[in-house]
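Enquirer: Protein chains in written order, with our numbering: chain A, 1 to 229; chain B, 1 to 229; chain C, 1 to 235; chain D, 1 to 235.
Treat each hint with caution, since some may be false.
Here are the computed distance ranges between Cβ atoms for each label pair [to be verified]:
{"id": "1", "chain 1": "C", "residue 1": "128", "chain 2": "B", "residue 2": "216", "range": "30 to 36 Å"}
{"id": "2", "chain 1": "B", "residue 1": "216", "chain 2": "D", "residue 2": "16", "range": "28 to 34 Å"}
{"id": "3", "chain 1": "B", "residue 1": "227", "chain 2": "C", "residue 2": "42", "range": "56 to 62 Å"}
{"id": "4", "chain 1": "B", "residue 1": "60", "chain 2": "D", "residue 2": "135", "range": "46 to 52 Å"}
{"id": "5", "chain 1": "D", "residue 1": "219", "chain 2": "C", "residue 2": "6", "range": "46 to 52 Å"}
{"id": "6", "chain 1": "C", "residue 1": "92", "chain 2": "A", "residue 2": "21", "range": "50 to 56 Å"}
The calculated lysine-lysine pairs, modelled on DSS-like cross-linking and capped at a C-alpha distance of 25 Å, are [unchecked claim]:
{"id": "7", "chain 1": "C", "residue 1": "72", "chain 2": "B", "residue 2": "77"}
{"id": "8", "chain 1": "B", "residue 1": "126", "chain 2": "C", "residue 2": "131"}
{"id": "9", "chain 1": "A", "residue 1": "8", "chain 2": "A", "residue 2": "190"}
{"id": "10", "chain 1": "A", "residue 1": "126", "chain 2": "D", "residue 2": "133"}
{"id": "11", "chain 1": "A", "residue 1": "83", "chain 2": "C", "residue 2": "3"}
{"id": "12", "chain 1": "B", "residue 1": "190", "chain 2": "B", "residue 2": "8"}
{"id": "13", "chain 1": "C", "residue 1": "3", "chain 2": "A", "residue 2": "61"}
{"id": "14", "chain 1": "A", "residue 1": "126", "chain 2": "D", "residue 2": "131"}
{"id": "15", "chain 1": "B", "residue 1": "61", "chain 2": "D", "residue 2": "3"}
{"id": "16", "chain 1": "B", "residue 1": "126", "chain 2": "C", "residue 2": "133"}
{"id": "17", "chain 1": "D", "residue 1": "72", "chain 2": "A", "residue 2": "126"}
{"id": "18", "chain 1": "B", "residue 1": "61", "chain 2": "B", "residue 2": "78"}
{"id": "19", "chain 1": "B", "residue 1": "126", "chain 2": "C", "residue 2": "72"}
{"id": "20", "chain 1": "A", "residue 1": "126", "chain 2": "A", "residue 2": "155"}
{"id": "21", "chain 1": "B", "residue 1": "83", "chain 2": "D", "residue 2": "3"}
Just so you know, these hints were derived from the structure itself, not from any lab.
Nothing here was measured: the structure is a model prediction, and the numbers come from that model.
Glycine included, every Cβ here is placed at the ideal spot set by N, Cα and C.
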Amino acid sequence: MSDIQDIKLSNAQIAWRAAQDIEDGAYVNLGIGFPEMVARFQPEGRQAIFHTENGVLDFGKAPAPGEEDWDCINAGKKAITIKPGTAFFHHADSFAMVRGGHLDVAILGAYEVAQSGDLANWSTGKGGVPAVGGAMDLVHGARRVAVLTDHVTKKGEPKLVAECTLPLTGVGCVTRVYTSLAVVDIEDGKFILREKVPAISLEDLQAVTGAPLHVEGEIGDLIAPEELA
Amino acid sequence: MSDIQDIKLSNAQIAWRAAQDIEDGAYVNLGIGFPEMVARFQPEGRQAIFHTENGVLDFGKAPAPGEEDWDCINAGKKAITIKPGTAFFHHADSFAMVRGGHLDVAILGAYEVAQSGDLANWSTGKGGVPAVGGAMDLVHGARRVAVLTDHVTKKGEPKLVAECTLPLTGVGCVTRVYTSLAVVDIEDGKFILREKVPAISLEDLQAVTGAPLHVEGEIGDLIAPEELA
Amino acid sequence: MDKRLASLAEAVSRIPDGATVMIGGFGGSGAPIELIHALIDHGAKHLTVVNNNAGNGHVGLAALIEQGQVDKLICSFPRSADPVVFTEAYRAGSIELELVPQGTLAERIRAGGAGIPAFYTPTSYGTDLAKGKPVAEFDGRSYVQERWLKADFALIKAETGDPHGNLTYRMAARNFNPIMATAAAVTIAQVTRVVERGGIDPEQVVTPGIFVDHVVEVAAPAQEEALNRAEVVYP
Amino acid sequence: MDKRLASLAEAVSRIPDGATVMIGGFGGSGAPIELIHALIDHGAKHLTVVNNNAGNGHVGLAALIEQGQVDKLICSFPRSADPVVFTEAYRAGSIELELVPQGTLAERIRAGGAGIPAFYTPTSYGTDLAKGKPVAEFDGRSYVQERWLKADFALIKAETGDPHGNLTYRMAARNFNPIMATAAAVTIAQVTRVVERGGIDPEQVVTPGIFVDHVVEVAAPAQEEALNRAEVVYP
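Generate the whole structure from the sequences, applying the supplied hints.
Expert: Structure (structure tokens):
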């Protein structure tokens, strides 16, 4: 088995891959941190419309340092800008968009994703100060709930699992997982392998996955541009 | 017993009496029809702020005939005007104001009011096309729910009753009744007589009232300006 | 992305027989008369319509009912200055009526758009309109459980719209339009004026474009009140 | 009627010990820093505070917590760039935390303002945050019942305000402010600019005056972000 560290995609490459699935005009919420990178990789000619929980739709890029207006931020409390078409609204309206099924895609990070679609991404269960934010709302609102994640933990343990062991964010909510090694759909309580990095065999991929990977039809090659790495 | 027709207040006089109880700055919803007259009789130096269910707060008077803008109407579909301070909002926000207890007073008409505070004012129970509008919401939202009504029906039967016989608009909701003969509070399931027209005796008033009129302290004289009649 | 459509006919062309259609407006104010007339021309039948009223005269919603296209109406106040069309259909038993208190109607629509399947309200407790509905007590007071209301299509009227579907309204013509926009699978807005992207101040957007699928410009929309004073009959 | 007050101190003077206080803002944007500091000066203790976060640095909400005035915090995300004040109080067991998903927090507040004592949401179903809450199924899907949230006072920040309490907000500083305005018995708004009646276009009012009790002008409000970069400590 080749060393996973050598063949796996970088976070930027995972984000790039996820970006390829976003249609022109899609309404998208990107989770704080790693998922935010997805916005950078929108394919030429497509324009997604980004939503942030704190009441902004269709915002622009980050301002130059020193140009921040701290009344104009995203859910991660980072400064953003307006652009033609931006709309502001209050928090209840913002989560009406989320909970009401008006987002096409929500893209989140994960500690664990189960084959049932259960997601654990808000608490390591270890004490400390718990914080949940909008994650539990997002997983039940968007039409598609995608997860971006390394395929395994830093210790090499599977993050795609038979059942979550950490506190859940949502039950049966994840529809697709983009990992550092594969693209996996979740359907009818099963992981369906859609793509994998060419350098890993199905057997080796299964060995680092905590539940059966089902194959339906062809398995595509998961290849992302090198220069993103 | 003097003929009630000779001593009773006119609708305008009942509306005038109700207007005297509205504090400066009170938020008020006036039901369609007869209760709308209350707006005309605000005491000098006081300014109530009127709410209409279809999404306007603090509107102005009716426009001159021919000057109507049919996008600017009240719940009775009559043309109104804006004035400095007017606000427009949608229907869910409008009824958040109503149901959320933000109105100081709602003033409605009635077919029957029971000593329990039950109100029947939306259906004669006789078939035909039923229509309810916002009455059922208004009776459960405003801090005070006042009713304007003739003391008796056209046939001379009491409209203040022991129990309503017509379909209810709300249960235990009316707090004060302004009639053509009296001002009656409803407290703890009882009619408390506060004022009566001087020309009627307590006995004669009781005779045209369908449940006991309790007296606590002095009974005021119900007198309204003649020229309104 | 551009949500503008060139014609009213195209906008309503995919409304099938049997659809549930929310129609904005309170009386004539905010009523999308041109979209309703396009729906009459399109001819979809067996519709369930959600509107505060039941039409007035022989135009707009009244005309849609008069053409026999509406099987069921969900509304709060099926009376108007000239309610003859609905009244006759109702008496003839050719239209079903679900009567809903106005605030409950608004909240059910808002809940539909906000992903809230049910809520409790004091409104209608103890009345005939609460019959058959679950009741619960909170903090010593009794409330009625009401369900969300959603639609296949919403036909709404706005004042300005941009290509992404951001909308503003005009005065009290706002009424049910913004909440219906949120509660339908497909929302079609007729707007008096289409502006470019950025033509609506971000602070002044009332309906963000996420709730709107199609925008059609109707530059000089008819007012139901004016049509009825002129005794117009559609079609 | 004139809802303007001359001073912040007067505005918060009637907040008693033990009050439940909603404080607007999301992080620093829309946080009524000057009102919070006036509340610190006023000294009310044993407060229950509702805010999306738990303060940042040593100003605003963090300073209120640092002064030991908050017994309980209801929030969705008690983390920030510098959450040391809350974190220490929480670890020391001197502050109680009710953690609520952000959308549920917003909806509970909106329900409090709208007279809806309870509603159902898919959010948190099957998670630790749903423990002990009633669950119900609608159309084959499971939902959690959540209760309204109300307060004795709301401290909010707005951009313009008129003497009747009509308000507008600035950009994303809107966030929780308009809904908190609806859910408190007494709502106190600090506004950057007081305008005369009629100074806000009726179409552009975001919070109608019916939801607002007091308006205080704070012409150059501090931004939490800027205070923290300057390492300000209040008081």
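Enquirer: For every hint, state whether the structure bears it out.
Expert: Now for the hints, and whether the structure bears them out:
At about 34 Å, the CB distance of residue 128 of chain C to residue 216 of chain B agrees with the hint of 30 to 36 Å. Judged by the Cβ atoms, the range 28 to 34 Å given for residue 216 of chain B and residue 16 of chain D holds: they are separated by roughly 32 Å. Between residue 227 of chain B and residue 42 of chain C the C-beta distance comes to about 58 Å, which sits within the given range of 56 to 62 Å. Remark: the range hint 46 to 52 Å for residue 60 of chain B to residue 135 of chain D is upheld by a beta-carbon distance near 49 Å.
The given range of 46 to 52 Å is respected by residue 219 of chain D and residue 6 of chain C, whose C-beta atoms sit roughly 49 Å from each other. At roughly 53 Å, the beta carbons of residue 92 of chain C and residue 21 of chain A sit within the given window of 50 to 56 Å. Between residue 72 of chain C and residue 77 of chain B the alpha-carbon distance is near 24 Å, which keeps this suggested pair within the 25 Å criterion. With a CA separation close to 18 Å, the supplied pair residue 126 of chain B and residue 131 of chain C stays within the 25 Å bound.
Under the criterion of a C-alpha separation no larger than 25 Å, the hint pairing residue 8 of chain A with residue 190 of chain A is consistent with the structure, at around 23 Å. Between residue 126 of chain A and residue 133 of chain D the CA atoms are separated by roughly 23 Å; this keeps the pair inside 25 Å, and the hint holds. For the hint pairing residue 83 of chain A with residue 3 of chain C, the CA-to-CA distance comes to about 18 Å; that is within 25 Å, so the pair holds. Restraint check: the Cα-Cα separation between residue 190 of chain B and residue 8 of chain B comes to about 23 Å, which is no more than 25 Å; the hinted pair holds.
Among the hinted pairs, residue 3 of chain C with residue 61 of chain A is consistent with the structure: their alpha-carbon atoms are about 23 Å apart, no more than 25 Å. Proposed proximity of residue 126 of chain A and residue 131 of chain D is supported: the alpha carbons are some 18 Å apart, at most 25 Å. Distance restraint check for residue 61 of chain B and residue 3 of chain D: the Cα-Cα separation of roughly 23 Å lies within the 25 Å cut-off, and the hinted pair is therefore satisfied. About 23 Å separates the Cα atoms of residue 126 of chain B and residue 133 of chain C, which keeps this hinted pair within 25 Å; it holds.
Taking the CA atoms of residue 72 of chain D and residue 126 of chain A, the gap is near 22 Å; set against the 25 Å cutoff, the hint holds. With a CA separation close to 10 Å, the supplied pair residue 61 of chain B and residue 78 of chain B stays within the 25 Å bound. Simply put, residue 126 of chain B and residue 72 of chain C have alpha-carbon atoms about 22 Å apart, close enough for the 25 Å limit, and the pair holds. For the suggested pair residue 126 of chain A and residue 155 of chain A, the alpha carbons sit about 17 Å apart, so the restraint of at most 25 Å is met.
Using a Cα cut-off of 25 Å, the hinted pair residue 83 of chain B and residue 3 of chain D holds, with the two alpha carbons roughly 18 Å apart.
Figure legend: structure checked against the earlier numbered hints; every hint is met.
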